[in-house]
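K.L.:
These are the residues of each chain, in order.
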Amino acid sequence: MAAGLYSDGLEAYGRDISRPDLLASLAQLKTYLGVETLTMLQWDNDRVAIPLLLDVNLPGHGTFGGVDVRAQEPVLLVINPHRYPFIGPMVYPDRLDFPYDELGHMYVAQEARPPAFCLVRGNPHEWYQGKRLKDVVIRAANWLSDGAAGELSVDGNQFEPLRLDGYNGRLTYDYEELVQLVQQERGEGSSHALCLFEQLSQNNGGHWQFYKRVQGGDDITEALLKMAEEVKEDGSPKVVRRFGLVTWSTDGIAYKNYNADLPTNWGEFKTYCSKFGIEVDELDVVMASLAFRLFSGSILVVVGIQRPFPLIGLPGDIEFANFHLKIDKADIVDERLRDETKVMFKKHEQLLTPGQARRISGFAATGLTGHSLFVGLGAIGSRVALHLAKSGSVNFSYADEDSLAPHNFPRHVLGPHYTGMNKSVALVEELNELYPGGASIVDGAKALDYGISRSTLENKSYESIMDFTASPRFMRELVQANMQGEPRIVKGYVSDFGNLGILLFEGRGRNPRVDDLQAALYASARNVPELSAWLRREMAATVQAADVVIGVGCHSETTILSEDKIAIHAGLFSGAVKMETADDQPAEGRIYLSQLKHEPFFQSTSTFITVAPFDVLKAANDPSWEVRYAAGVLSKLKAQMLKEYPRETGGVFLGFANYNTRTVHVVDVIDAPTDSRANPVCFFRGIAGLSESIDQVVDKTGGQIGYIGEWHSHPHGPEELSQTDMRTVLRFRDEYAAYATPLPVFLTIITPTNILPFIF
Amino acid sequence: MASQIKYYPVDNGDTTVISIEEGGYTTNIMVDCNIRKSSKGDKNPEQYDIHADLLKLLKRKKHNGIEGVPYIDVFMLTHGDEDHLLGFEDNFYQGDPKNYKQANKDKNEILVEVLWFSPMVMGTAGNDDERCFNKEARRRINLHCDKKDARKDAGNRIVIIGDNGHEKIDDVDDLVRFYPGDIVKRFNDRDLSSFSIFIHSPYQKELSEEDVDKNMVSLVFQARFHNSASLDGFSTLAMFGGDSNYEAWDTILKKTKKYGNDKKHHALKWDLFMAPHHCSWTYFGGDSENDEEAAEASLEELDYGRGTAKVITSCREIKDEEPNPPHYRAYEEYVDKVKKANVLQTATHDKKGKTPQPLVFEVKQLGPTLLKRAEGNAAVAGTGAVSTVNKTSSYGSGTI
Numbered sequence: 003m004a005a006g007l008y009s010d011g012l013e014a015y016g017r018d019i020s021r022p023d024l025l026a027s028l029a030q031l032k033t034y035l036g037v038e039t040l041t042m043l044q045w046d047n048d049r050v051a052i053p054l055l056l057d058v059n060l061p062g063h064g065t066f067g068g069v070d071v072r073a074q075e076p077v078l079l080v081i082n083p084h085r086y087p088f089i090g091p092m093v094y095p096d097r098l099d100f101p102y103d104e105l106g107h108m109y110v111a112q113e114a115r116p117p118a119f120c121l122v123r124g125n126p127h128e129w130y131q132g133k134r135l136k137d138v139v140i141r142a143a144n145w146l147s148d149g150a151a152g153e154l155s156v157d158g159n160q161f162e163p164l165r166l167d168g169y170n171g172r173l174t175y176d177y178e179e180l181v182q183l184v185q186q187e188r189g190e191g192s193s194h195a196l197c198l199f200e201q202l203s204q205n206n207g208g209h210w211q212f213y214k215r216v217q218g219g220d221d222i223t224e225a226l227l228k229m230a231e232e233v234k235e236d237g238s239p240k241v242v243r244r245f246g247l248v249t250w251s252t253d254g255i256a257y258k259n260y261n262a263d264l265p266t267n268w269g270e271f272k273t274y275c276s277k278f279g280i281e282v283d284e285l286d287v288v289m290a291s292l293a294f295r296l297f298s299g300s301i302l303v304v305v306g307i308q309r310p311f312p313l314i315g316l317p318g319d320i321e322f323a324n325f326h327l328k329i330d331k332a333d334i335v336d337e338r339l340r341d342e343t344k345v346m347f348k349k350h351e352q353l354l355t356p357g358q359a360r361r362i363s364g365f366a367a368t369g370l371t372g373h374s375l376f377v378g379l380g381a382i383g384s385r386v387a388l389h390l391a392k393s394g395s396v397n398f399s400y401a402d403e404d405s406l407a408p409h410n411f412p413r414h415v416l417g418p419h420y421t422g423m424n425k426s427v428a429l430v431e432e433l434n435e436l437y438p439g440g441a442s443i444v445d446g447a448k449a450l451d452y453g454i455s456r457s458t459l460e461n462k463s464y465e466s467i468m469d470f471t472a473s474p475r476f477m478r479e480l481v482q483a484n485m486q487g488e489p490r491i492v493k494g495y496v497s498d499f500g501n502l503g504i505l506l507f508e509g510r511g512r513n514p515r516v517d518d519l520q521a522a523l524y525a526s527a528r529n530v531p532e533l534s535a536w537l538r539r540e541m542a543a544t545v546q547a548a549d550v551v552i553g554v555g556c557h558s559e560t561t562i563l564s565e566d567k568i569a570i571h572a573g574l575f576s577g578a579v580k581m582e583t584a585d586d587q588p589a590e591g592r593i594y595l596s597q598l599k600h601e602p603f604f605q606s607t608s609t610f611i612t613v614a615p616f617d618v619l620k621a622a623n624d625p626s627w628e629v630r631y632a633a634g635v636l637s638k639l640k641a642q643m644l645k646e647y648p649r650e651t652g653g654v655f656l657g658f659a660n661y662n663t664r665t666v667h668v669v670d671v672i673d674a675p676t677d678s679r680a681n682p683v684c685f686f687r688g689i690a691g692l693s694e695s696i697d698q699v700v701d702k703t704g705g706q707i708g709y710i711g712e713w714h715s716h717p718h719g720p721e722e723l724s725q726t727d728m729r730t731v732l733r734f735r736d737e738y739a740a741y742a743t744p745l746p747v748f749l750t751i752i753t754p755t756n757i758l759p760f761i762f
Numbered sequence: 027m028a029s030q031i032k033y034y035p036v037d038n039g040d041t042t043v044i045s046i047e048e049g050g051y052t053t054n055i056m057v058d059c060n061i062r063k064s065s066k067g068d069k070n071p072e073q074y075d076i077h078a079d080l081l082k083l084l085k086r087k088k089h090n091g092i093e094g095v096p097y098i099d100v101f102m103l104t105h106g107d108e109d110h111l112l113g114f115e116d117n118f119y120q121g122d123p124k125n126y127k128q129a130n131k132d133k134n135e136i137l138v139e140v141l142w143f144s145p146m147v148m149g150t151a152g153n154d155d156e157r158c159f160n161k162e163a164r165r166r167i168n169l170h171c172d173k174k175d176a177r178k179d180a181g182n183r184i185v186i187i188g189d190n191g192h193e194k195i196d197d198v199d200d201l202v203r204f205y206p207g208d209i210v211k212r213f214n215d216r217d218l219s220s221f222s223i224f225i226h227s228p229y230q231k232e233l234s235e236e237d238v239d240k241n242m243v244s245l246v247f248q249a250r251f252h253n254s255a256s257l258d259g260f261s262t263l264a265m266f267g268g269d270s271n272y273e274a275w276d277t278i279l280k281k282t283k284k285y286g287n288d289k290k291h292h293a294l295k296w297d298l299f300m301a302p303h304h305c306s307w308t309y310f311g312g313d314s315e316n317d318e319e320a321a322e323a324s325l326e327e328l329d330y331g332r333g334t335a336k337v338i339t340s341c342r343e344i345k346d347e348e349p350n351p352p353h354y355r356a357y358e359e360y361v362d363k364v365k366k367a368n369v370l371q372t373a374t375h376d377k378k379g380k381t382p383q384p385l386v387f388e389v390k391q392l393g394p395t396l397l398k399r400a401e402g403n404a405a406v407a408g409t410g411a412v413s414t415v416n417k418t419s420s421y422g423s424g425t426i
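Heads up: the sequence lines are chains X and A, in that order. Count along the first sequence from 1, then add 2; that gives the number in the working numbering. Count along the second sequence from 1, then add 26; that gives the number in the working numbering.
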């Protein structure tokens, strides 16, 4: 005998519908259904229910598992005419014997009504904004067809979990941790585990978190004692922890059924558990024991339901439903809980782990997995560090010797509650908040609240070293350190008054090196007007060229630089770091530039420069000096020598020298001036146009690149400086001595078989 | 796309495409064609534009340096009547595939990689499309007779079903041939594990000129989608009978049982049964005018339906009136067997406005399931293919 329809008990809807868009949609629906009128029933004070009979396409050989979905299914289309279409329609089964326990993708039944079909993943009201009533009806018919074919519950050998709503509070735990707990305990023959839960907040129904598994006997005593100790002076605990249970079935059965009727009291809870094979009698005794011995007023119970397949989106086949018992003394009768004891259910919040964050962010599993060093947690560095951390990359030692002050907060990623705290310590604390599970952080993130010196760089082995210090001092350590292994070096900073972000990636084997990359960047300004303009602005902003420091530290309260600009640069930096580190380090170096402009409108662009490895030689007369020639320079010299053979030839180098790092960078050559003279044994370098050519370069590069030395060829040898050469060296040295910053005397000889740099 | 069977609405005619999805490759098998000129574009809203749909459904490839050439893996002809071959000449390329040119592509001519041809169903051609088909079949056969290398090329391949009929091809020994009782698993040079065809007919060995009655010798076959988790190991069994009549079915049942293929290979079972000869009485008997009893074998075959088996009637809307086919009493026999809800008429089952839509069944583990309906959207924008865009529109405040 048919069980009847839910709509049989509904009254006629006694009001008129006047919204034109709803009337039009209803008219379209009637046309689609081929009917003249639609029956309107009163669903509740606000909503109208329209009974429909849907044609359902069933599989030819019968429904999945014999589920009672029929070729024609009566449903109710429920609409809120007052809030349509902001609140979209919902569809409910109208048959009282509709098998909703066997189908996934249904909402929880509420207020003694049937549960609604969950027609879309995500918010159904958002989805409806692109649809009309006819489309909802088509989708409902297709939903029923999927249900009949078993394609609602199982999706590619994955199980659709319960679709729950109407939560009262949240419970946070790591899903995998609880699955492991169940599997381990079940393997030892247990059906439940006593646990401690910690209250994080009382708001919005309460937010709790799984704290730990508690064994019986001494462990309980110890837990109780510890809880007793954690009491403020006024008697209330600092941290609220309560005992609770995780429970599961031991019958070895995988349950495919759903239960859209969630329990609201202890009696219904026991019935609910029994449907999933959970030993109810034992649970009754355990709960009473807990309530009696460890009475607290709140007991959390997590029910583990064994499913036949791994759950969609989760790495296990146990589905957890989370409940919260609110117990009064009156609820305990004869050492048992009354059936009327109130039960609420809580939403599970998956504990965020770095692995999960990595997946959500789409960051490659191969990127930044080894332990790395992150130095400099100012405005840019802190933001990049947090971007990477939120992408699941936390295996860093974070180093900064500075502490946070109020003037940092307009730009810093951390907030004022960290005032006075060392930046690296504060960041690691922030990461522990982000990933409260702890394990990944403890093994990974470390705070180094001191300056990083060369010895740290040389004595520890890192997968990568990220420098966001904007510190020339640290730059020198980075350049000169003789590091273990071959860490990937990345340096990022902001310049041009915050309008230019520069990110440098060294090439494989530290060539090109960060100082090579800077040299290449400055050299590019000869051909890129925007870079030239930047360097000229930097030059103009300083009194003396010698004081030009490219790169602004954002730590000073006098630095004018907004957080939004920082955020743009940091976003590019973080994205570039993730992309670059996902693959093997290439041979060439890379420079990313993030440029902001205000005219004609506020805009952000980025560019990218690759830099081939430099040719590196030690000075033949003084190996403490290193000469680094940009790719192609030495080839030019050889080509020039061959071209002019048998005569000597030569030219002038463009670049710069650094006495601190004892490095000369050569970025290009200027050919011998037209008034130069040469024969097989002599070369007289002329002067025609040379000064103007050099000044052009100096001007275009804001003084960063200029005349740095000279070269000539010995096509017939010797492979050393001649007496004539030495006389020139001495003359240069005497002339340079008059300068405030004397140039080193840098001379390179090229022979058919050798290239010999000399520095005096 | 999942495997599917698509029955096109062509009034009294047959046009079906079986699409088998396996290993990332879709094999498309066309069974008969009935492409009316009037169905193209929006000339007649009561006719579904099959050609346009084929051009969307079929795969395309680069051929002779021409990009996007549409092609069908296999074209099967159940028999040569006009309503099973209409439009073949205009819509399918005939001739050496090496000569397929841009002009052919511009006319959207579909390349047929393999032709399934039964000499037994082809007598003297009675219409232009049949003449073209025969000519194309002979061209391909001649490549085999002449042992040309090109005979193995796509667009030249041919498969012979049944005996020679009037064709003199006895001594052509490298022709691919199948006979009733054979299970075919190789289609267009690909061996499929998820699909096969059991051939029931033509079983005749020889015919005289007077006996050539094409409706007696239709290609009759069972299309089989394999799935070890499904009923009998087949997720979908679809029976195609062309215009075969009650006598043919009587023989088919006898032979199938004689050789044990009903039990060994489930060769008589079906989930989808295309009512032969457009739901005419000829499937049930020889006298449609008087109230003759339906033939036993015909009724028995309908008992082999599995689960919620469905009969597809590829014909005009069935009414209790002339002309015939369709035959109303035949329709009632089908209804009697499978219930009315399971007799699906291509002319009426699904319509958009006046235009009937194809019946499409998805092949699923639990059996063939009608394709889910497509939803619409609240926001919409027309493309350049919208009919009103492609026609002049007249405006004015007075008479033009």
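Keep in mind that the hints were calculated from the coordinates and are not lab data. Don't take each hint at face value.
Quick list of the computed label-pair ranges, beta carbon to beta carbon [stated by the list, open to error]: (1) Val202/A / Ala5/X: 57 to 63 Å; (2) Ala26/X / Gly379/A: 14 to 20 Å; (3) Asp70/X / Asp288/A: 51 to 57 Å; (4) Glu284/X / Gly50/A: 50 to 56 Å; (5) Ser637/X / Asp175/A: 51 to 57 Å.
Note that the coordinates shown come from a computational prediction; the quantities given were computed from them, not determined experimentally. Each residue gets a CB set at the ideal place from its N, CA and C atoms; glycine is no exception.
K.L.:
Under the constraints set out in the numbered hints, which ones does this structure not fulfil?
P.N.:
3
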